[in-house]
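> Please construct the entire structure, taking both the sequences and the accompanying hints into account.
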Amino acid sequence: MRRTYFIIIVGFIIGVFLAVGAVGASSVYGRERVVPGVRAAGIDLSGMDREACRRALASLEEKLNTTPVVFHYRDRNWTFSPPEIGLRLDTQAMLTGALQAGRDAQWWLQWYRQWKIKKEGYELPLMVVISRQKFNQKLSALAGEIATPPRDAAFRVLPDDRIEIIPGRDGMKVDEERAYRDLLSALSAGKKPEIQLNMVHVKPRTTTEEVQAMGLKGLLASYTTSFDASYTDRAYNIRVAAAALDGLLIPPGQEVSFNKVVGPRSSEAGYKNAKVIVNNQLVDGLGGGVCQVSSTLYNAVLLANLEVLERTNHSLPVPYVPVGRDATVVYGAIDFRFRNNTESYVYIRSAVNGNRLTFKIYGNTDYKVPVEIRTRITEVLEPKVVQEPDPNLERGEQVVKQKGVRGYRVITERVVRENGRLYTERLPGSFYKPVNQVVAIGTREPSTGPVVPPPSSGQKPPPDKKPPAAGDSPGRTPAGGEDIKPPEESPEPPDGEGMAPPERQSPEGNGSVPEVVYPAGSP
Numbered sequence: 001m002r003r004t005y006f007i008i009i010v011g012f013i014i015g016v017f018l019a020v021g022a023v024g025a026s027s028v029y030g031r032e033r034v035v036p037g038v039r040a041a042g043i044d045l046s047g048m049d050r051e052a053c054r055r056a057l058a059s060l061e062e063k064l065n066t067t068p069v070v071f072h073y074r075d076r077n078w079t080f081s082p083p084e085i086g087l088r089l090d091t092q093a094m095l096t097g098a099l100q101a102g103r104d105a106q107w108w109l110q111w112y113r114q115w116k117i118k119k120e121g122y123e124l125p126l127m128v129v130i131s132r133q134k135f136n137q138k139l140s141a142l143a144g145e146i147a148t149p150p151r152d153a154a155f156r157v158l159p160d161d162r163i164e165i166i167p168g169r170d171g172m173k174v175d176e177e178r179a180y181r182d183l184l185s186a187l188s189a190g191k192k193p194e195i196q197l198n199m200v201h202v203k204p205r206t207t208t209e210e211v212q213a214m215g216l217k218g219l220l221a222s223y224t225t226s227f228d229a230s231y232t233d234r235a236y237n238i239r240v241a242a243a244a245l246d247g248l249l250i251p252p253g254q255e256v257s258f259n260k261v262v263g264p265r266s267s268e269a270g271y272k273n274a275k276v277i278v279n280n281q282l283v284d285g286l287g288g289g290v291c292q293v294s295s296t297l298y299n300a301v302l303l304a305n306l307e308v309l310e311r312t313n314h315s316l317p318v319p320y321v322p323v324g325r326d327a328t329v330v331y332g333a334i335d336f337r338f339r340n341n342t343e344s345y346v347y348i349r350s351a352v353n354g355n356r357l358t359f360k361i362y363g364n365t366d367y368k369v370p371v372e373i374r375t376r377i378t379e380v381l382e383p384k385v386v387q388e389p390d391p392n393l394e395r396g397e398q399v400v401k402q403k404g405v406r407g408y409r410v411i412t413e414r415v416v417r418e419n420g421r422l423y424t425e426r427l428p429g430s431f432y433k434p435v436n437q438v439v440a441i442g443t444r445e446p447s448t449g450p451v452v453p454p455p456s457s458g459q460k461p462p463p464d465k466k467p468p469a470a471g472d473s474p475g476r477t478p479a480g481g482e483d484i485k486p487p488e489e490s491p492e493p494p495d496g497e498g499m500a501p502p503e504r505q506s507p508e509g510n511g512s513v514p515e516v517v518y519p520a521g522s523p
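Here the sequence shown is numbered in full-length UniProt numbering, starting from 1 and rising by one per residue.
I should point out that these hints are in silico values taken from the structure, not numbers from a laboratory.
Please note that a few of the clues may not be correct.
[Stated by the list, open to error] No farther apart than 30 Å at their CA atoms in a straight line, the calculated lysine-lysine pairs in the DSBU-like style are these:
1) 433 to 260
2) 138 to 63
3) 191 to 119
Nothing here was measured: the structure is a model prediction, and the numbers come from that model.
What follows is the structure in structure tokens.
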């Protein structure tokens, strides 16, 4: 009895080993043929060797290339061929997948997998490759027909100097990533490549709430100066520099450097030669007139109650602002700097209309306070009279070669009225050196022959009059085509005078830009 059991057990073990060995041998030696029951898009690949399977998949690729890919959105359709969107069959991956079907488990389980495939069949999923570049190009083109771009929130200055906020708006765009995934899923599942497009919301770069939080509500201050427009090069320079500052949007706490914003005063930047003050003399230099821009802005900054960080007066009084209220600039050496010391944004507009330059500063008018700028001359410095012998003049003749100009020491204060109280701030003081009067005195003996007038750039006073004493002149001397202004105060220009807010003046004075301001494009 025991012998019988032993024979049965040994026979069973041998049978199992033979069966497993047969399956193993089949798995090992049949790897170059497709397991029976494997299909791909309706094509039976059963028993095919590698080359036959490759040919069958090539025909499948040709079929796929003629299958239209359709995108739907509402009642609109867009049809593309697979090559147009960069879609192709990955034949190598399909070939590997077909030969590996039923052989992707431990060898002692492969017989079960292959038996199941033979019995139930196995549909090999389509394996495709899509060029994202081509796909995105085509999808972006059709998306442009149905997408709605977002609109950034913005603001604009109204004619009455109030700030109006233009609300932002969400946009709609095609969900390209989802369309890509849906196309892959449809092809893998053997479905028709017909894709329903989905739209997603797109937020604007700058929202309405962000613009409102900037705090811009209206005009804080403005200041206007005049110039002689007949000096065209100087007037041109004023326009160029003013245009560089127009539209400047300043966040709370940010410092502004005039030189950084305006940039070098060079011919490459568009500047021309005009009169500038160098060592108490008027000479030609690139960018003459830019100091009128910095001085006009300085006064607007003072009246807007912004913090002044750096300011330097000219060596001589200038004609376009009262003494003590000018601000000279030299690129790389002397700057005018100020800070937005408010808790809201500040917006600067400039305009040149005719012979008038205006700066307007906008901000949160909820905190606007009355500001007065006071100047006081603490010392008047009379110029000296310097006599120079001149052999070209006869004895007794005198010619004024250089008029004398008084010098001044000036104190400037900003007086702010807030909550019923006055607050006085001492601003940077000003010192203007006197310019000596130079008189040429004749040393040549009188001639008995015909008198030939000597060459001279000055004017010859009558023989019976003495040369004017230093300081006896009206206190005016040429400055870039304009006379130097006496040091008395001049009335403040009315707010808004000479400025058209909706237009930004180009250097030529005939250009314009939209009045709408999009903060997302500002620094």
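> Quick check: which numbered hints come out false for this structure?
none
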